[in-house]
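Peer 1: The chain contents come next:
There are 2 protein chains.
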Amino acid sequence: MVGRAKIRLFVDDALAVGNSVPVGRDHSNYLFNVMRLKAGDRVSLFNGKDGEWQAEITAAGKRQGALRCLSQSAPLRMPPDLWLLFAPIKKARTDFIVEKAAEMGVARIVPVQTAFTNSERIRQDRLQAHAIEAAEQCGGTFVPEVSELLKLSDLLTDWDLDRRLMFCDETRAGGVSTLDPNATGPWAILIGPEGGFSDDERDRLHAMDYTTVVSLGPRILRADTAAVAALTLWQSTLGDWR
Amino acid sequence: MVGRAKIRLFVDDALAVGNSVPVGRDHSNYLFNVMRLKAGDRVSLFNGKDGEWQAEITAAGKRQGALRCLSQSAPLRMPPDLWLLFAPIKKARTDFIVEKAAEMGVARIVPVQTAFTNSERIRQDRLQAHAIEAAEQCGGTFVPEVSELLKLSDLLTDWDLDRRLMFCDETRAGGVSTLDPNATGPWAILIGPEGGFSDDERDRLHAMDYTTVVSLGPRILRADTAAVAALTLWQSTLGDWR
Numbered sequence: 001m002v003g004r005a006k007i008r009l010f011v012d013d014a015l016a017v018g019n020s021v022p023v024g025r026d027h028s029n030y031l032f033n034v035m036r037l038k039a040g041d042r043v044s045l046f047n048g049k050d051g052e053w054q055a056e057i058t059a060a061g062k063r064q065g066a067l068r069c070l071s072q073s074a075p076l077r078m079p080p081d082l083w084l085l086f087a088p089i090k091k092a093r094t095d096f097i098v099e100k101a102a103e104m105g106v107a108r109i110v111p112v113q114t115a116f117t118n119s120e121r122i123r124q125d126r127l128q129a130h131a132i133e134a135a136e137q138c139g140g141t142f143v144p145e146v147s148e149l150l151k152l153s154d155l156l157t158d159w160d161l162d163r164r165l166m167f168c169d170e171t172r173a174g175g176v177s178t179l180d181p182n183a184t185g186p187w188a189i190l191i192g193p194e195g196g197f198s199d200d201e202r203d204r205l206h207a208m209d210y211t212t213v214v215s216l217g218p219r220i221l222r223a224d225t226a227a228v229a230a231l232t233l234w235q236s237t238l239g240d241w242r
Numbered sequence: 001m002v003g004r005a006k007i008r009l010f011v012d013d014a015l016a017v018g019n020s021v022p023v024g025r026d027h028s029n030y031l032f033n034v035m036r037l038k039a040g041d042r043v044s045l046f047n048g049k050d051g052e053w054q055a056e057i058t059a060a061g062k063r064q065g066a067l068r069c070l071s072q073s074a075p076l077r078m079p080p081d082l083w084l085l086f087a088p089i090k091k092a093r094t095d096f097i098v099e100k101a102a103e104m105g106v107a108r109i110v111p112v113q114t115a116f117t118n119s120e121r122i123r124q125d126r127l128q129a130h131a132i133e134a135a136e137q138c139g140g141t142f143v144p145e146v147s148e149l150l151k152l153s154d155l156l157t158d159w160d161l162d163r164r165l166m167f168c169d170e171t172r173a174g175g176v177s178t179l180d181p182n183a184t185g186p187w188a189i190l191i192g193p194e195g196g197f198s199d200d201e202r203d204r205l206h207a208m209d210y211t212t213v214v215s216l217g218p219r220i221l222r223a224d225t226a227a228v229a230a231l232t233l234w235q236s237t238l239g240d241w242r
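These protein sequence lines are chains A and B, in that order.
Once you know that position 158 of the first sequence is 158 in this note's numbering, the rest is easy, because the numbers rise by one and skip nothing.
Once you know that position 86 of the second sequence is 86 in this note's numbering, the rest is easy, because the numbers rise by one and skip nothing.
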């Protein structure tokens, strides 16, 4: 028998012994109508700051309810100081990239506008909701922030020189296929758009001291595949998979 | 300027200098209606055996057309002798796993029925079409075979002892996070269903001499994420990404 999946909810409220947590309309519908939980049943809560908490349902109404925090079941586990920078693509694949980044463990997700990026807008709130849902699903206690769309050129101009950049350039030979396990510290991974980078962008990225150009094999990967592959290489060499 | 994406088509026909390749209804619609190609225009062809060929359109009709092979533009590049075994999940994520496996480079894709697999049927033809589409997209010259749904227990009973198994067990501690780069030869990767494996399945897999239990980090990955992560670890350590 497969046990019923553990219900984990992200909330905005502070979590501590005895704290009361109100349940709004969306969560009430999910908990009390869809999952049919009742007063006395338990769920797990996390808020990205206080770890994971067991909570008991103290009120279960159609449109609202309440929970009471009982005890911490897991401490806050921060991901490594790793950012994922990616150029937004088609909606479904952009959603996937955000979901995958949250599952794989990043601190920040940054949609970037490149010379060949078509979409000039993103729905930051929708992408942030995807990151929350992925954290609920994967057992994480942290939710990476999804930033607004930033111009790659601006990002590079203001780059913090202490943060290394793993640049996944699929069009030029000469990249390494493994990272240096001693190159610890803050990192960012940059995944290109489907149309690739412009020559100017490539030249600039290759010329920067903090850039490591990494190869992701002999086939051309879609952006969402490349994101997971790059995160795997990084996490297994420099991150919390070691 | 982004160049127009190169059109690559998988065909069943033999490819050699001067060979004529008929274009059926589906490809005619795509080439001549959607992409508006005309006689004299060029496309790339591959059939999984003869590498990639440049071909010229010699006839462009509404429902049929013809191509003539000009010259080979890339040799056949076989992937490593790696299988991906996975338990089918929801339709969209199953499609993604097949797409990702073809992109990442596997020889064979095997849907397996485990104790906790819900789906007792797969559409092998649809999954095979996804593998072909992924190969067209990623620049590959090989298309992995998608097998019919096989029972995991039967597969393990008939297992070829020369083929090592990378078992991604997310529920038990003690797995390694890196593979032995000297363990070359045929391999298979096994990704579990969302509900995990049964205790019997786990015990059996852990007890087998050819099994390497691998950890994919401290968070629980969805099956499609786990597939790409496992393929990345394998390809970068033992495969053609080195």
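Check each hint, because a few of them may be wrong.
27 Å max Cα-Cα, derived DSS-like pairs, lysine-lysine [as the list claims (entries may be wrong)]:
(1) Lys151(B) to Lys91(B)
(2) Lys49(A) to Lys6(A)
(3) Lys6(A) to Lys90(B)
(4) Lys62(A) to Lys90(A)
(5) Lys90(A) to Lys49(B)
(6) Lys90(B) to Lys90(A)
(7) Lys90(A) to Lys6(B)
(8) Lys49(A) to Lys90(A)
(9) Lys90(B) to Lys151(B)
(10) Lys62(A) to Lys6(A)
(11) Lys91(B) to Lys6(A)
(12) Lys38(A) to Lys62(A)
(13) Lys6(B) to Lys62(B)
(14) Lys91(A) to Lys151(A)
(15) Lys38(B) to Lys6(B)
(16) Lys91(A) to Lys38(B)
(17) Lys49(B) to Lys6(B)
(18) Lys91(A) to Lys6(B)
(19) Lys91(B) to Lys91(A)
(20) Lys38(B) to Lys62(B)
It is worth saying that the hints were derived from the structure and are not from the lab.
Peer 1: So, for every hint listed, does it hold in this structure?
Peer 2: Hint-by-hint comparison with the structure:
| no. | hint | verdict |
| --- | --- | --- |
| 1 | Lys151(B) to Lys91(B) | holds (19 Å) |
| 2 | Lys49(A) to Lys6(A) | holds (20 Å) |
| 3 | Lys6(A) to Lys90(B) | holds (19 Å) |
| 4 | Lys62(A) to Lys90(A) | violated (37 Å) |
| 5 | Lys90(A) to Lys49(B) | violated (32 Å) |
| 6 | Lys90(B) to Lys90(A) | holds (21 Å) |
| 7 | Lys90(A) to Lys6(B) | holds (19 Å) |
| 8 | Lys49(A) to Lys90(A) | violated (32 Å) |
| 9 | Lys90(B) to Lys151(B) | holds (18 Å) |
| 10 | Lys62(A) to Lys6(A) | holds (22 Å) |
| 11 | Lys91(B) to Lys6(A) | holds (23 Å) |
| 12 | Lys38(A) to Lys62(A) | holds (11 Å) |
| 13 | Lys6(B) to Lys62(B) | holds (22 Å) |
| 14 | Lys91(A) to Lys151(A) | holds (19 Å) |
| 15 | Lys38(B) to Lys6(B) | holds (15 Å) |
| 16 | Lys91(A) to Lys38(B) | violated (32 Å) |
| 17 | Lys49(B) to Lys6(B) | holds (20 Å) |
| 18 | Lys91(A) to Lys6(B) | holds (23 Å) |
| 19 | Lys91(B) to Lys91(A) | holds (18 Å) |
| 20 | Lys38(B) to Lys62(B) | holds (11 Å) |
In this structure, the hints that do not hold are numbers 4, 5, 8, 16, in rising order.
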